[in-house]
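There are 2 protein chains.
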Amino acid sequence: MRNFVFHNPTKIIFGNDSTNKVGKETKNYGKKVLLITGQGSIKKIGLYDKVVDLLKKEELEIYELSGVKPNPRVDLVREGIKIVRENKIDILLAVGGGSVIDTAKAIAAGLTYEGDVWDLFTKRIPIKPTIPIGVVLTLAATGSEMNGNAVISNMDTQEKLAISSPYLYPKFSILDPQNTVSVPLNHTLYGIVDILSHVFEQYFDRTEDAILQDRFAEAIMRTVIETAPKLAQNPEDLESRAIILWCGTNALNGIIGVGKEQDWASHAIEHAISALYDIPHGLGLAIVFPHWMKYVIDVIPNKFANFARNVWGIQGEDDFEVGLKGIDKLIDFYESLGIPTNLSRIGINNERLEEMAEKATKFGPIGNVKKLNKEDVYKILEMCL
Amino acid sequence: MRNFVFHNPTKIIFGNDSTNKVGKETKNYGKKVLLITGQGSIKKIGLYDKVVDLLKKEELEIYELSGVKPNPRVDLVREGIKIVRENKIDILLAVGGGSVIDTAKAIAAGLTYEGDVWDLFTKRIPIKPTIPIGVVLTLAATGSEMNGNAVISNMDTQEKLAISSPYLYPKFSILDPQNTVSVPLNHTLYGIVDILSHVFEQYFDRTEDAILQDRFAEAIMRTVIETAPKLAQNPEDLESRAIILWCGTNALNGIIGVGKEQDWASHAIEHAISALYDIPHGLGLAIVFPHWMKYVIDVIPNKFANFARNVWGIQGEDDFEVGLKGIDKLIDFYESLGIPTNLSRIGINNERLEEMAEKATKFGPIGNVKKLNKEDVYKILEMCL
Numbered sequence: 136m137r138n139f140v141f142h143n144p145t146k147i148i149f150g151n152d153s154t155n156k157v158g159k160e161t162k163n164y165g166k167k168v169l170l171i172t173g174q175g176s177i178k179k180i181g182l183y184d185k186v187v188d189l190l191k192k193e194e195l196e197i198y199e200l201s202g203v204k205p206n207p208r209v210d211l212v213r214e215g216i217k218i219v220r221e222n223k224i225d226i227l228l229a230v231g232g233g234s235v236i237d238t239a240k241a242i243a244a245g246l247t248y249e250g251d252v253w254d255l256f257t258k259r260i261p262i263k264p265t266i267p268i269g270v271v272l273t274l275a276a277t278g279s280e281m282n283g284n285a286v287i288s289n290m291d292t293q294e295k296l297a298i299s300s301p302y303l304y305p306k307f308s309i310l311d312p313q314n315t316v317s318v319p320l321n322h323t324l325y326g327i328v329d330i331l332s333h334v335f336e337q338y339f340d341r342t343e344d345a346i347l348q349d350r351f352a353e354a355i356m357r358t359v360i361e362t363a364p365k366l367a368q369n370p371e372d373l374e375s376r377a378i379i380l381w382c383g384t385n386a387l388n389g390i391i392g393v394g395k396e397q398d399w400a401s402h403a404i405e406h407a408i409s410a411l412y413d414i415p416h417g418l419g420l421a422i423v424f425p426h427w428m429k430y431v432i433d434v435i436p437n438k439f440a441n442f443a444r445n446v447w448g449i450q451g452e453d454d455f456e457v458g459l460k461g462i463d464k465l466i467d468f469y470e471s472l473g474i475p476t477n478l479s480r481i482g483i484n485n486e487r488l489e490e491m492a493e494k495a496t497k498f499g500p501i502g503n504v505k506k507l508n509k510e511d512v513y514k515i516l517e518m519c520l
Numbered sequence: 136m137r138n139f140v141f142h143n144p145t146k147i148i149f150g151n152d153s154t155n156k157v158g159k160e161t162k163n164y165g166k167k168v169l170l171i172t173g174q175g176s177i178k179k180i181g182l183y184d185k186v187v188d189l190l191k192k193e194e195l196e197i198y199e200l201s202g203v204k205p206n207p208r209v210d211l212v213r214e215g216i217k218i219v220r221e222n223k224i225d226i227l228l229a230v231g232g233g234s235v236i237d238t239a240k241a242i243a244a245g246l247t248y249e250g251d252v253w254d255l256f257t258k259r260i261p262i263k264p265t266i267p268i269g270v271v272l273t274l275a276a277t278g279s280e281m282n283g284n285a286v287i288s289n290m291d292t293q294e295k296l297a298i299s300s301p302y303l304y305p306k307f308s309i310l311d312p313q314n315t316v317s318v319p320l321n322h323t324l325y326g327i328v329d330i331l332s333h334v335f336e337q338y339f340d341r342t343e344d345a346i347l348q349d350r351f352a353e354a355i356m357r358t359v360i361e362t363a364p365k366l367a368q369n370p371e372d373l374e375s376r377a378i379i380l381w382c383g384t385n386a387l388n389g390i391i392g393v394g395k396e397q398d399w400a401s402h403a404i405e406h407a408i409s410a411l412y413d414i415p416h417g418l419g420l421a422i423v424f425p426h427w428m429k430y431v432i433d434v435i436p437n438k439f440a441n442f443a444r445n446v447w448g449i450q451g452e453d454d455f456e457v458g459l460k461g462i463d464k465l466i467d468f469y470e471s472l473g474i475p476t477n478l479s480r481i482g483i484n485n486e487r488l489e490e491m492a493e494k495a496t497k498f499g500p501i502g503n504v505k506k507l508n509k510e511d512v513y514k515i516l517e518m519c520l
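Chain order of the listed sequences is A and B. Adding 135 to a residue's 1-based position in the first sequence gives its number in our numbering. Adding 135 to a residue's 1-based position in the second sequence gives its number in our numbering.
Because the hints were derived from the structure by calculation, they are not lab data. Hints may be right or wrong, so weigh each one.
Which copy is meant is left open, because identical chains are indistinguishable; a pair holds if it fits in one copy or across any two.
Each computed EDC-like pair below joins lysine to aspartate or glutamate, with the alpha-carbon atoms no more than 20 Å apart [claimed, not checked]:
(1) K167 / E196
(2) K217 / E361
(3) K258 / D453
(4) K365 / D344
(5) K460 / E374
(6) K258 / D184
(7) K166 / E517
(8) K192 / E214
(9) K365 / E343
(10) K178 / E371
(11) K162 / D453
(12) K509 / E194
(13) K159 / E374
(14) K167 / E489
(15) K223 / E294
(16) K159 / E196
(17) K506 / E371
(18) K460 / E193
(19) K162 / D225
On a predicted model such as this, the values are computed, not experimentally measured, just so you know.
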């Protein structure tokens, strides 16, 4: 196990009707709140009106930034920074999924930087202390509700890049399973892929003795795999929604990743795909991950054997063979939920593979299990076709 | 799953040589530090000198409170409060195990209360904001390094009682596996029992749908059970020490307990035993828990079957029968490590059972799986003989 620092100060408020606490929690951080939202689905389910009412009840002054899209754009971040500066906003309140939260984080980060916010993503400039962020989560997937990371896309440069800072942890995140019930089934399932993929990035690495972290990771995988089919059958089941919601947060709040090397190549590859084709992040990950796994299994066959044995209950002596069966089980699992695991199935052919491979390795080789250069990524993308 | 709030802001600094950060971390909270220590074992291993040097390097003004005993006493807490008040201490630094940390927490709690600190334990008076606490942990067991709980004994009244408050979370805890290597084997093993017992208190309850929390709990149990025999064979193995250390923290930092009813009767029974006989807490728990389990298994046979199947790999159809085998496995495990699981084996006979049962239920029935009254506790204690 490597040395690590674990410091996750986000306050999680979990459970049905926990949304009711949004007014009082927000008020702890000031008078002027910028409400950041997506493309209107929260209005359809009545959540928008509910949140606005609760904020008004606490006499908060509400400003708004709406229209955040999946693969959120830096243009809207710039707009948000302008609103916050002009109106001296005290706190950002993100009501939505990962895209909305990440937009809030990027606004917060950009606010205390003098140049253009996109510099923070391309030049890896350290982020300074900034204004607080609150969250009302509407989708189980991102993990952004309990970490300091944000991923933003720049359509001008066709880049999708991440920032990370201790100053970007939300002060509070409200996780009310009721707010996730109306998410359409396909996006619920992409969220589930996202959750599993976050686990994979941390679980499949070369660290040998982070035993508890790996058992925790298996706990999340088993819980998700057991619960997802129930949810697919009955998308309105609040208990299943609650279980998946809590899995999503724990998949990326640090507890399964501390002391581990981790990998994260598959996310870089997926970001290159969705920067070019604007597909849902979870869908891209369902396609990339199984093929990445097959490309690197020879380096850590024992880890893949653990995955096969402890998550899927596969028996057998040979780590490599058992591990391969585990990967096949994962593919079967995704396909059984109707999630495609090949690019050709979503209309992407081999035309721009070169460009994607270039983009994914723009800052140098990616990943740790194998250091992947452009040629490696190209091969993995070919396998994905 | 029940609604919950999870907010654990303690900064964990984990790994070999992380002790070197104690000076800089402490300095973040002021100039005057009260160094709280136990009965001298940290002097033998050189940790005392090291910490003092590091504090002096940051020009901190050091005051001292030493001599904290296992089952820490309220008298020393009172002495600590006096020192802090007289010298306007800025931060408490606990260097030791659970007893030392809990003494620091009780001092912090008593400081902002006008009456005698013991009132906070007996009258359940809410604790007010107070001065910060830092920790250098020397024993894997308590979990106190990452929660807001403290347990203190009063020898005048022969009581052992707990307090809990959001204001008592340590600001930082340094978990350096090297600091745990010199702990004698028997106390290392009692620490391991303590860790498992914390898991049991949260795992064995009536909450049906906290699936992830239960898989997390099983992850800790499996990791401890796999690692403990290695550690017993080679007490100087730093990797095993590190794994157990991180298990201890996660067993009581909230992640396996949130959204669950939990039980905690066994701890109350053990506290009654060690208030009268001053035995190590872990030893008492190794005796109480298996017998409590047998007393309550009929209420939640499915939970005991999960324990048997997922932790011990026991197969079988009937939950009750499989569950009983799991309890027997636990007894075998403790005995294989040389830990006694009966009172008579440590020289305690039936003379004061009545008194213990009375003490354990002083504030009313205990536990949740079964609400245990005095007669129930007496029966469990008889089973423990």
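Hint check results:
1. Taking the shortest alpha-carbon separations for K167 and E196, only the intra-copy value of 5 Å comes in at or below 20 Å, while the best inter-copy value is 42 Å.
2. When the C-alpha separation of K217 and E361 is checked against a cutoff of 20 Å, the pair qualifies neither within a copy, at 45 Å, nor between copies, at 55 Å.
3. Taking the shortest alpha-carbon separations for K258 and D453, neither the intra-copy value of 45 Å nor the inter-copy value of 61 Å comes in at or below 20 Å.
4. Proximity of K365 and D344 under a CA criterion of 20 Å is satisfied inter-copy only: 13 Å between copies versus 34 Å inside one chain copy.
5. Proximity of K460 and E374 under a CA criterion of 20 Å is satisfied in neither setting, with 31 Å inside one chain copy and 31 Å between copies.
6. In this assembly of identical chains, K258 and D184 lie within 20 Å of each other by CA distance neither inside one copy nor across copies; the values are 39 Å within and 43 Å between.
7. Within a single copy, K166 and E517 get their C-alpha atoms no closer than 53 Å, and across copies no closer than 61 Å, so neither meets the 20 Å cut-off.
8. Taking the shortest Cα distances, K192 and E214 never come within 20 Å of each other, neither inside one copy (27 Å) nor across copies (47 Å).
9. Within a single copy, K365 and E343 get their C-alpha atoms only as close as 34 Å, which misses the 20 Å cut-off; across copies the closest is 16 Å, which meets it.
10. Taking identical chains as interchangeable, the C-alpha atoms of K178 and E371 lie at most 20 Å apart only when both belong to the same chain, with a minimum of 19 Å there against 60 Å between chains.
11. Taking CA atoms no more than 20 Å apart as the test, K162 paired with D453 passes in neither setting, with 58 Å inside one copy and 53 Å between copies.
12. Taking CA atoms no more than 20 Å apart as the test, K509 paired with E194 passes in neither setting, with 54 Å inside one copy and 52 Å between copies.
13. Taking CA atoms no more than 20 Å apart as the test, K159 paired with E374 passes in neither setting, with 26 Å inside one copy and 45 Å between copies.
14. Neither within a single protomer nor between protomers do K167 and E489 lie at most 20 Å apart by alpha-carbon distance, with minima of 47 Å and 61 Å respectively.
15. In the homo-oligomer, the alpha carbons of K223 and E294 never lie at most 20 Å apart, since the shortest distance is 30 Å inside one protomer and 54 Å across protomers.
16. Taking the shortest alpha-carbon separations for K159 and E196, only the intra-copy value of 13 Å comes in at or below 20 Å, while the best inter-copy value is 40 Å.
17. Within a single copy, K506 and E371 get their C-alpha atoms no closer than 42 Å, and across copies no closer than 35 Å, so neither meets the 20 Å cut-off.
18. Neither within a single protomer nor between protomers do K460 and E193 lie at most 20 Å apart by alpha-carbon distance, with minima of 55 Å and 56 Å respectively.
19. In this homomeric assembly, K162 and D225 come within 20 Å of each other (Cα to Cα) only inside a single copy, at 10 Å, whereas the closest approach across copies is 29 Å.
The earlier numbered hints that this structure contradicts are 2, 3, 5, 6, 7, 8, 11, 12, 13, 14, 15, 17 and 18.
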